[in-house]
Each structure stands twice: as C-alpha cells, then as structure tokens.
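Participant: Sequences are here, hints too, so could you generate the full structure?
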Amino acid sequence: MRTEHSRRAKTGLYGLLCLLAIPFVFPTWWMVTSSMKPPGEIFAFPPTLFPADPGLDAYRRVFEFAPFASQYFNSMYIAAAVTVGTLAVSSLAGYAFARIRFPGQNLLFLVVLAGLLIPSEVTIVPLFQLFNGWGMIDTHWPLILVPIFGAPSVLATLIMRQFFIALPIEVEEAGRMDGLGRFALYWRIALPLSRPALGAVGIFSFLYSWNLYLEPVVFLSTPEKFTLPQALTQFVDAYGGPMWDVQLSAATMSALPVLVVFVIAQRQFVEGLAHTGLKG
Amino acid sequence: MATKTDAPSGRAPARPGRRGWTHRRREYLAGYLFVAPQLAGTALFVIVPLALVFWYSFHEWNVLTGSFQFTGAENYERLADDPALPGVLAATAAFSIGLVVLNLSLALALAVLLNQKLRGTVLFRTLFFSPVAVTLVAWTIVWRFLLQDDGGVNGLLSAIGVDGPNWLRGETTAMIAVIVVQVLKNVGLNMVLFLAALQGVPKELYEASTIDGAGSWTRFRRITVPMISPTILLTSIITVVGSLQVFAQIDVLTSGGPGTSTTVLVYYLYQNAFQFHDFGYGATLSVLLFAIVLVLTVVQWQMRRKWVVHEN
Amino acid sequence: MRNARTLLAAAAAAPLILAACGGEDDDGPVTLRMTIWSAAEEHLALFDAIAEDYLADHPEVEAIEFDPLPFDGYTSTLTTQIAGDNAPDMAWILENAAPDFVSTGALVPIGDTLEDTEGYEYDDLVPAATELWRHEDRLYAYPFSTSPFAVFANTDLLAEAGQPTPAELIADGQWTWDRVVEAGAAVRAATGSHGMVIRDFDYTGWDNLSTLWTGWGAEAWTDGGAGCGFDDPAMVEAMTFMHDAVFDAEAMPGPGTSADFFSGEAAMTVTQISRAGLLADAGFAWDLVPLPDGPDGQYSVIGQAGLGVLTVAPHPEEAADFLAFMTNPENSAKLAQYFPPPRASQLTAEDLAAANPLLTPEQLQATVIDRIDQGVTKPSHIGQAQIDQTVRAALDPLWTENADVAGALADVCAAVDPLLSE
Numbered sequence: 001m002r003t004e005h006s007r008r009a010k011t012g013l014y015g016l017l018c019l020l021a022i023p024f025v026f027p028t029w030w031m032v033t034s035s036m037k038p039p040g041e042i043f044a045f046p047p048t049l050f051p052a053d054p055g056l057d058a059y060r061r062v063f064e065f066a067p068f069a070s071q072y073f074n075s076m077y078i079a080a081a082v083t084v085g086t087l088a089v090s091s092l093a094g095y096a097f098a099r100i101r102f103p104g105q106n107l108l109f110l111v112v113l114a115g116l117l118i119p120s121e122v123t124i125v126p127l128f129q130l131f132n133g134w135g136m137i138d139t140h141w142p143l144i145l146v147p148i149f150g151a152p153s154v155l156a157t158l159i160m161r162q163f164f165i166a167l168p169i170e171v172e173e174a175g176r177m178d179g180l181g182r183f184a185l186y187w188r189i190a191l192p193l194s195r196p197a198l199g200a201v202g203i204f205s206f207l208y209s210w211n212l213y214l215e216p217v218v219f220l221s222t223p224e225k226f227t228l229p230q231a232l233t234q235f236v237d238a239y240g241g242p243m244w245d246v247q248l249s250a251a252t253m254s255a256l257p258v259l260v261v262f263v264i265a266q267r268q269f270v271e272g273l274a275h276t277g278l279k280g
Numbered sequence: 001m002a003t004k005t006d007a008p009s010g011r012a013p014a015r016p017g018r019r020g021w022t023h024r025r026r027e028y029l030a031g032y033l034f035v036a037p038q039l040a041g042t043a044l045f046v047i048v049p050l051a052l053v054f055w056y057s058f059h060e061w062n063v064l065t066g067s068f069q070f071t072g073a074e075n076y077e078r079l080a081d082d083p084a085l086p087g088v089l090a091a092t093a094a095f096s097i098g099l100v101v102l103n104l105s106l107a108l109a110l111a112v113l114l115n116q117k118l119r120g121t122v123l124f125r126t127l128f129f130s131p132v133a134v135t136l137v138a139w140t141i142v143w144r145f146l147l148q149d150d151g152g153v154n155g156l157l158s159a160i161g162v163d164g165p166n167w168l169r170g171e172t173t174a175m176i177a178v179i180v181v182q183v184l185k186n187v188g189l190n191m192v193l194f195l196a197a198l199q200g201v202p203k204e205l206y207e208a209s210t211i212d213g214a215g216s217w218t219r220f221r222r223i224t225v226p227m228i229s230p231t232i233l234l235t236s237i238i239t240v241v242g243s244l245q246v247f248a249q250i251d252v253l254t255s256g257g258p259g260t261s262t263t264v265l266v267y268y269l270y271q272n273a274f275q276f277h278d279f280g281y282g283a284t285l286s287v288l289l290f291a292i293v294l295v296l297t298v299v300q301w302q303m304r305r306k307w308v309v310h311e312n
Numbered sequence: 001m002r003n004a005r006t007l008l009a010a011a012a013a014a015p016l017i018l019a020a021c022g023g024e025d026d027d028g029p030v031t032l033r034m035t036i037w038s039a040a041e042e043h044l045a046l047f048d049a050i051a052e053d054y055l056a057d058h059p060e061v062e063a064i065e066f067d068p069l070p071f072d073g074y075t076s077t078l079t080t081q082i083a084g085d086n087a088p089d090m091a092w093i094l095e096n097a098a099p100d101f102v103s104t105g106a107l108v109p110i111g112d113t114l115e116d117t118e119g120y121e122y123d124d125l126v127p128a129a130t131e132l133w134r135h136e137d138r139l140y141a142y143p144f145s146t147s148p149f150a151v152f153a154n155t156d157l158l159a160e161a162g163q164p165t166p167a168e169l170i171a172d173g174q175w176t177w178d179r180v181v182e183a184g185a186a187v188r189a190a191t192g193s194h195g196m197v198i199r200d201f202d203y204t205g206w207d208n209l210s211t212l213w214t215g216w217g218a219e220a221w222t223d224g225g226a227g228c229g230f231d232d233p234a235m236v237e238a239m240t241f242m243h244d245a246v247f248d249a250e251a252m253p254g255p256g257t258s259a260d261f262f263s264g265e266a267a268m269t270v271t272q273i274s275r276a277g278l279l280a281d282a283g284f285a286w287d288l289v290p291l292p293d294g295p296d297g298q299y300s301v302i303g304q305a306g307l308g309v310l311t312v313a314p315h316p317e318e319a320a321d322f323l324a325f326m327t328n329p330e331n332s333a334k335l336a337q338y339f340p341p342p343r344a345s346q347l348t349a350e351d352l353a354a355a356n357p358l359l360t361p362e363q364l365q366a367t368v369i370d371r372i373d374q375g376v377t378k379p380s381h382i383g384q385a386q387i388d389q390t391v392r393a394a395l396d397p398l399w400t401e402n403a404d405v406a407g408a409l410a411d412v413c414a415a416v417d418p419l420l421s422e
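Chains as they are written, first to last, in my numbering: chain V, 1 to 280; chain C, 1 to 312; chain R, 1 to 422.
Hints listed in this document are in silico derivations from the structure and should not be mistaken for laboratory results. Warning: the hint list may mix true and false statements.
Taking lysine-lysine pairs in the BS3-like style, the calculated list, with each CA pair at most 27 Å apart, reads [as the list claims (entries may be wrong)]: (1) C:K203 <-> C:K117; (2) C:K306 <-> C:K203; (3) V:K10 <-> C:K117; (4) V:K10 <-> C:K203.
Some chain V residues well away from chain R (every beta-carbon gap over 10 Å; in silico) [as the list claims (entries may be wrong)]: (5) S6; (6) L167; (7) R176.
Beta carbons: idealized from backbone N, C-alpha and C, even for Gly.
Facilitator: Below, the structure is given as structure tokens:
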C-alpha cells in the first residue's frame with residue numbers, strides 16, 4: 001500500500017522521520033567525532049557536536065596500547081572463515097532437506113532444528129569443557145567451529161531450505177536429463193540461483209561472528225588472540241583509569257569498515273534479507 | 001526435454017529393477033552426505049553439550065581446586081531456594097517483554113512509515129538500519145558514554161529544559177536504558193522484514209476497504225496486520241529467543257547492576273559459571289534457561305493457529 | 001550412538017584428569033610463565049632484567065615470560081586459565097583472593113624453598129606482612145608488595161580554593177576526615193574540580209572503602225570471617241559520613257562521574273604509593289601524606305599483592321626456585337622502587353627513597369614505614385568472587401540522593417550472611 005499525501009502531511013512525515021532517526025544516527029556520529037577529541041572534551045557538558053581541535057593521536061595510541069592490529073585481523077579472518085563455512089554447511093544441508101528424498105529426513109530435520117532452541121549460552125559450560133579436553137582453550141577453534149556447525153547455523157540452514165523449496169523444480173530437470181549427479185545439480189544449478197539467500201546467510205553469519213562477545217571472553221585469555229569486541233572493553237590504563245579517547249578510536253575503527261561496506265552495498269543487504277523467506 | 005539417445009548406465013532416471021535401486025541408494029547417500037556436516041555439528045556442539053549440561057547440573061564442581069562430586073539434586077534444591085533467582089527471573093521477564101514489545105511495535109511503525117510513496121525513504125531506511133551494521137560492543141560502549149549523568153543524552157535533554165536522571169544508576173532507568181539500546185541496535189532488521197511483508201499485501205484489499213469507508217486505523221487492523229501475521233509470528237519468535245541471549249550489552253552497560261536489577265538469567269549464568277567458578281550451578285541455570293526457551297517457543301508456535309491468518 | 005557415549009565419558013572425565021595431572025616434567029630447558037596485572041613498561045623492564053640474571057646461571061630454564069592480564073577481572077581470568085588447563089607457573093595474587101588461593105591448596109607451599117635458599121634471610125620477612133599468605137603455619141605466597149594507602153594532594157588546587165595544605169593541617173593536628181571533606185567541598189565549589197577521590201572505588205570496588213571506614217573502627221568481616229560487620233554501628237556511621245560527603249557536601253564525585261587525580265581533576269586521592277610514577281609529568285605541585293585520622297584516631301590500611309606458584313603449574317619446582325631468586329634480598333631492593341618489600345631491613349626511609357626518586361625520605365617514613373606495622377589489610381574472604389558481587393549489588397542502593405544508609409547496610413548483611421558460612 002502506497003498512499004499519496006498532501007504537502008502538509010508530507011512535511012509532517014519527514015519531520016517525524018528525522019526526529020526518529022536521531023537516536024539511530026547520533027551515537028555513530030558521536031563515536032566518530034569524539035574519537036578525535038581529547039579526553040577532557042568528551043565529557044564537556046553540554047556535549048560538543050564537532051571536535052574543537054580534531055586530532056588523530058588517539059588512533060595511534062590504540063596500536064601502542066593493545067595488539068590491536070592482530071586483534072582486528074583475528075576478528076576478520078574468523079568472521080570470514082565462519083561465513084564461508086556456514087555457507088557451505090547450511091546450503092548443503094538446506095538443499096538436501098529441500099530436494100533430496102532420503103529415509104529419516106524429517107526426523108533428522110527436527111534434530112537439526114533443536115539447535116534453534118538451544119542457544120550457545122545454554123551450552124557454554126560443556127562447550128568449554130569439550131574444547132578444554134581437545135586442548136583448544138585460548139585458541140580460535142571454538143569461535144570458528146561452533147558457529148559453523150552448531151546452533152547459530154541452524155537459522156542459515158532453515159533459510160536455505162526455505163529458498164530451495166521455493167525454487168521451481170524444472171530448473172534442475174534439464175540438468176538431470178543431461179545426466180548430472182546430485183552434487184553437480186546442487187553445485188552448478190541450484191547454488192548459483194540461490195544468490196539472494198546466500199547473500200542473506202552470508203551477511204547474518206558475518207555479523208554474528210563479528211559481534212561475538214561471550215564466547216571470546218570465555219575461551220580466550222591471551223590479548224593477542226582477542227577479537228575486537230573483547231578488545232574494546234580492555235581499554236583501561238595500567239592503573240585502572242579509563243582511556244576514553246583511545247577506546248572510542250578503537251570502537252570507530254571496528255565499526256566504520258563494516259558500516260561503510262553496508263552503506264555501499266545496502267540495497268543488496270536489504271533485499272537479501274527480504275528474500276530470506278522469513279516472511280512466512 | 002532432451003531425447004534419450006544413450007542413457008549412461010546407472011544414471012537414467014529411476015526405473016524399477018536393479019538400476020533404479022542403485023540410483024535411489026545414491027540419492028540416499030547424497031542426502032546423508034549433504035546433511036552430514038550440519039548433523040554432525042549439531043550432535044557434537046548442541047546435543048552432546050545439552051546432555052552434558054544436565055549431567056553437570058547434578059554435580060558440585062569447584063574449578064579452582066578441581067573437585068567434581070556427584071551431589072544429586074542438590075543444585076536444583078539450591079535453585080529452588082536461591083534468594084537471587086526471583087529477582088533474576090523478574091529482570092529477565094521485564095527485559096524480554098519490554099524488548100519484544102518495543103522492538104516489534106517500533107519495527108512495524110517504521111515499516112509503515114517507510115511504506116509511503118515518498119522521496120527519500122531509501123535514505124531513511126538506511127539510517128534506521130545502520131546500527132545493525134555497527135559492531136555490537138562499539139555501539140554499547142558509545143551508549144555507555146551517552147548515558148552518563150553528564151553525558152550526551154542528558155545534554156540533549158537539558159537543551160529542552162529536562163533534567164535527565166542518572167540513567168545507569170537507577171534500577172528502573174537502567175533497565176529502560178538497556179532495553180532501548182538493544183532495540184535501537186536491532187529494530188532495523190525487523191523493520192526490513194516487515195517492509196517486505198507489507199509490500200506483499202495486495203493493493204486491491206486496501207482499495208476495496210476504502211470503498212467500504214474504512215478509516216486507516218481500521219484498514220491497518222483488519223487487513224495489514226492479518227496479512228503480515230506470518231512475518232509477525234516468525235520475527236516475534238526470533239526476537240523472543242534472541243532477547244534471552246542478550247549478554248554483551250548488559251556486561252558493558254551495567255554489569256548486571258545497579259544492585260541486581262539488570263541481572264538477567266543468561267548474565268546470572270555467566271556470573272556463576274565464570275566469575276564465581278561454580279560450573280555445577282552454572283549448568284543448573286543453563287537447564288533452566290533451556291526450559292524457558294523451549295516453553296516460550298512451543299507456546300508461540302502453537303499460537304500460530306490462533307494468530308496467523310494463513311500458512312504456506 | 002556409540003561415539004556420543006564415548007565423548008560423554010571423555011568430557012565427564014576431563015575434570016578428573018585435570019585434577020590428577022599435576023606438572024609433567026619435560027626433558028630439556030623449560031619456559032616459565034608468570035601472570036601479572038601490570039602492563040607498565042617500567043615494571044616489565046625490571047622483571048625482565050631480573051629474569052635475565054637468573055637465566056644466566058640456570059641453563060635448565062630457557063625463558064621466563066611475564067604475562068600481563070587485564071587488572072579488571074584479573075582473578076577471574078587467572079582462574080579461567082587454570083580451569084582451561086592453561087595455568088601459568090606463577091601468578092600474582094590480589095589480597096582479596098588470598099583466602100581462596102591460599103587455603104584451598106591451589107598454591108604450592110614455598111616456605112621451605114625460601115628458607116633453604118642460600119642468602120635468603122627468611123627471618124627478615126615481617127610477620128604482619130605474611131599473615132594473609134600463611135595457612136596452618138606454612139607460607140603459600142610471598143607478599144612482594146606491601147603498600148600502605150596514603151593521600152596524594154594537589155596543593156595547587158587546594159591553594160586555589162583557599163584551603164591549607166595537608167602538611168599544614170598535620171602540623172596543626174587537624175588532619176582528619178572531617179577536615180578533608182571540608183576542603184574537598186571548598187575545592188568543588190571554588191574550582192569545579194572534584195575534592196577527594198578514593199581511587200579504584202568507582203562505586204564498584206567497595207573493598208577500597210576500607211581506607212575510610214577503618215578510621216571509625218569498622219570492619220567488613222568480624223569473628224575471623226564468620227560475621228558480617230556491615231550493620232555494626234561503627235560502619236553505619238562511617239558509611240553515613242561517606243554518603244553525606246558525596247551527596248550533601250559534594251566533596252567526592254558521585255556515581256557515574258569519574259575524576260582522575262593524576263590528570264589534575266581532583267584535589268586529593270587515596271591510593272597506594274606505587275602510583276607515584278604517574279606524577280612524573282604532573283603539571284601541578286603535589287604532596288604525599290598519610291591517611292587522615294578518623295573518629296577512632298590514627299589508623300592504617302595496607303594493600304598487598306602476593307606471588308605464588310600454582311599447584312597445577314607445568315613446572316612447579318623450577319618456578320619455586322625462580323620465585324626464591326626474584327624475592328631474595330638483592331632483587332627485593334630492586335623491586336622496592338615500585339613494590340614495598342615485606343623485609344624489615346629494607347623498610348627504611350633511605351632505602352625506599354633511593355628506590356622511589358619522586359618521594360622524599362620524610363614522606364616515605366611517614367606514609368609507609370610508620371604505618372606498615374599497624375596496617376589492616378583490605379577485606380578478603382573465602383568465596384571472594386561471589387561475596388564481592390553480592391556486597392557490591394547490595395550496596396548500590398546506598399549511592400543515591402536520599403538513601404537509607406542503615407537499611408541498606410542491614411540488607412548487605414542479610415544478603416551476605418549465607419555466603420559467609422560456606
């Protein structure tokens with residue numbers, strides 16, 4: 001439903017939208033501008049909208065204070081690994097549940113669905129012990145393996161299954177006539193067509209891994225191995241005082257790239273989401 | 001359809017007899033192989049840990065000294081008598097309910113607002129969605145600064161003559177703050193989903209009802225909401241389960257305080273398991289969390305018969 | 001699934017295996033790891049230098065790593081490392097974690113090793129300083145830092161507000177908490193800067209308030225830890241005083257407001273002398289004086305940090321040997337520039353001043369040496385993590401404008417009593 005409006009209503013609508021947008025946009029704005037202010041000015045009351053004397057010194061100090069570069073790299077490569085892994089595992093499983101007939105598949109699907117009901121917070125203690133037994137505490141393995149194979153990827157499998165169910169079966173018939181095996185059907189026909197769903201799954205997986213907080217805090221204890229969310233909370237100086245400008249610079253550096261990517265690709269972002277089939 | 005000139009053996013579409021059976025077996029094999037990674041992962045990282053959680057909850061386990069003793073239902077008795085638990089459950093309920101109500105209604109409102117024939121809706125859509133792409137901890141840290149007594153929020157309020165409270169130091173205001181921060185972060189997601197759903201509502205329905213003289217609120221109630229009810233149900237399930245998992249925001253903003261007013265169940269679990277190092281009791285709390293998630297999801301899923309207008 | 005059962009058994013057995021596995025001896029030179037909570041470059045440089053000396057004479061150890069963990073949640077991180085089979089060989093222990101580590105067998109008794117080390121002069125250790133780290137007559141950790149709390153004062157700010165300096169007040173016999181609050185309020189009113197900051201309290205680290213309440217004769221735990229001292233009249237008086245100082249007199253910053261003395265944002269601060277290093281670049285004149293007197297008279301509170309060898313250390317014997325080396329008289333004197341030693345012979349004003357160039361012998365005599373013997377340590381108790389959190393949560397209602405101090409303190413005891421007897 002798209003309705004026409006009078007000029008007055010339009011102005012009112014724009015005004016309302018602008019007002020509503022403030023709490024969504026102001027924090028990001030404040031983060032970026034305050035990272036360039038000296039610590040004293042950050043808490044100036046009333047707060048300043050623009051830095052009086054913008055400086056990038058805090059950005060330099062971020063790298064002096066923490067192994068920020070390796071922490072950044074950690075977050076990136078873990079998120080990339082999780083995204084690729086989840087795409088692979090969930091598209092395979094989703095395709096199979098949607099397209100292939102095999103005995104017990106409904107039961108197996110229910111078993112997989114159980115993952116939706118069991119968030120990783122519930123199983124964090126035994127997961128800790130499990131990885132402990134494998135000598136993987138203070139490594140990145142738990143942060144990669146659990147999102148790909150565990151509870152978080154179940155949503156991805158659901159999305160892929162939904163998508164493949166909706167895919168018309170005729171597209172595969174041609175391939176089948178040509179004698180393609182099941183894997184080839186998946187790989188060469190179904191998967192390329194599932195780009196919107198893959199996009200949505202990829203975005204979800206990347207953001208999920210990028211934002212992971214509890215798991216790194218529980219599993220990692222060496223600062224060089226920390227991920228960004230964990231590292232951001234460590235910015236207190238040696239004697240316990242806060243280093244706000246440094247912390248905000250680190251926060252900006254961690255948030256800005258993803259945000260910029262999003263703004264550039266936002267149409268695909270949003271459309272991929274809309275196509276997840278979560279509409280029902 | 002291509003002509004079947006020479007069908008390679010074993011690759012022909014299913015035919016009765018030995019060849020057909022091999023094909024079907026290959027299909028089964030393919031099926032199992034395809035789901036194997038996901039299934040193995042679920043077994044290893046979901047089912048087994050869940051069983052272990054139950055197992056651990058029957059033990060007394062001091063991590064520092066390494067003692068691990070079977071104590072039967074003692075942890076569950078402790079759960080029943082835990083003086084902190086009612087407060088934790090109340091905080092969890094307040095947080096989840098507040099979050100779901102605010103999130104869904106705001107998402108719907110924003111989606112309706114953006115579903116207008118106006119220039120610039122795409123820009124606003126981007127603005128409302130942007131917090132989703134901001135790193136979670138960064139977003140929360142910024143809000144911690146803004147919510148200080150002499151921070152940005154109170155600064156804005158003082159500009160319009162309102163004396164803002166010390167948000168993170170009052171029990172109610174801290175809870176409100178945590179809810180609002182979380183909602184602002186994620187509502188963009190639900191908004192996009194609702195927008196897509198809204199755009200799937202056939203125009204004719206609206207036109208018909210306008211002819212019948214229905215006002216816009218009635219149109220909304222009688223047409224829009226039922227037509228997008230599948231989406232509402234699905235997003236509400238996801239939002240409810242998600243609300244029970246919120247951890248980082250509470251850890252960064254309030255550390256469960258002031259007092260214990262924002263100590264929700266998952267945070268209490270973390271405290272017991274990883275701060276007090278009582279893995280046994282932590283496992284007991286995990287069982288409780290699981291039970292709550294299960295009940296809520298089942299209840300919502302059952303309600304679909306009542307609330308959802310039609311199903312695929 | 002048979003696999004599941006095996007896995008279940010293995011995972012369930014893991015804790016037992018953890019407990020059983022002590023340290024395994026490697027053949028060949030070993031690497032030792034010590035967790036610490038200071039990331040200060042000067043400290044690390046000093047430790048590395050001491051380690052170098054040790055390595056030169058001990059080929060069986062090839063490297064010694066000092067691993068700074070974040071101070072916030074240090075004990076928790078350390079415990080998680082231990083739980084995760086990633087225990088260090090040696091660790092710094094906060095004094096509030098001492099009961100949990102010392103009396104549960106998590107640390108190796110080192111008294112014998114120290115006594116048997118040549119030239120160690122074990123009897124030089126001040127008994128009062130080692131009390132917290134002993135259990136049933138055995139020493140489990142070395143209190144490498146025994147640092148009384150003192151007051152740093154920004155004399156420029158005080159002058160700006162027309163207030164006398166602490167030195168002048170002491171000379172007049174007027175150096176009391178009442179006078180401190182007066183001065184603090186004046187500074188706040190005149191300059192907008194904050195008056196007095198009890199550093200590291202920040203409305204969460206309540207054990208630092210013992211630097212105030214001891215002046216009223218109050219204590220957190222009574223009867224050797226069995227009783228709750230929060231609802232005693234002395235404590236109620238002390239906390240009422242503090243509450244009024246924050247909300248009525250505005251002499252101390254309120255919740256959610258931070259003020260860093262060392263950046264010049266406050267006129268006075270209560271902290272340990274090791275913080276003096278932060279004043280190297282201070283843009284203001286400052287002085288160091290002992291804690292003010294409370295209604296109960298003169299008192300002293302000391303903060304300690306212990307160094308111990310973990311029972312589950314990978315190389316406990318080599319670690320104990322290095323610990324003995326690092327804390328011998330010679331190295332103790334080197335460490336003294338940041339960490340006052342528990343050695344009677346080194347607790348002289350000259351020694352400490354030589355090590356601590358920013359402070360004068362007079363200052364050190366008054367704040368450290370004269371006060372170390374009668375010092376009370378910050379509160380600590382078995383089950384510290386949970387008790388700390390419970391008290392903190394129960395104290396929160398106190399930090400509001402119209403709080404019912406006595407009521408809140410009674411609630412603290414109600415919440416904490418069940419935990420004290422565990």
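Participant: Against this structure, judge whether each hint is valid.
Facilitator: Results for each hint:
Restraint check for C:K203 and C:K117: satisfied, since their Cα atoms lie roughly 14 Å apart, inside the 27 Å limit. The suggested pairing of C:K306 with C:K203 holds, with an alpha-carbon distance near 25 Å, which does not exceed 27 Å. As the CA atoms of V:K10 and C:K117 are separated by approximately 10 Å, the hinted pair is consistent with the 27 Å bound. Taken as a hint, the V:K10 and C:K203 pair is honoured in the structure, with Cα atoms around 21 Å apart against an allowance of 27 Å.
Listed as outside the interface, V:S6 is consistent with that label: its C-beta sits roughly 47 Å from the nearest C-beta of chain R, beyond the 10 Å cut-off. Once the 10 Å rule is applied to beta carbons, V:L167 is consistent with being away from chain R; the minimum gap is 33 Å. With a cut of 10 Å on Cβ distances, V:R176 stays outside the contact zone with chain R, its closest approach being about 34 Å.
Comparing the model with each numbered hint stated earlier shows that all of them hold.
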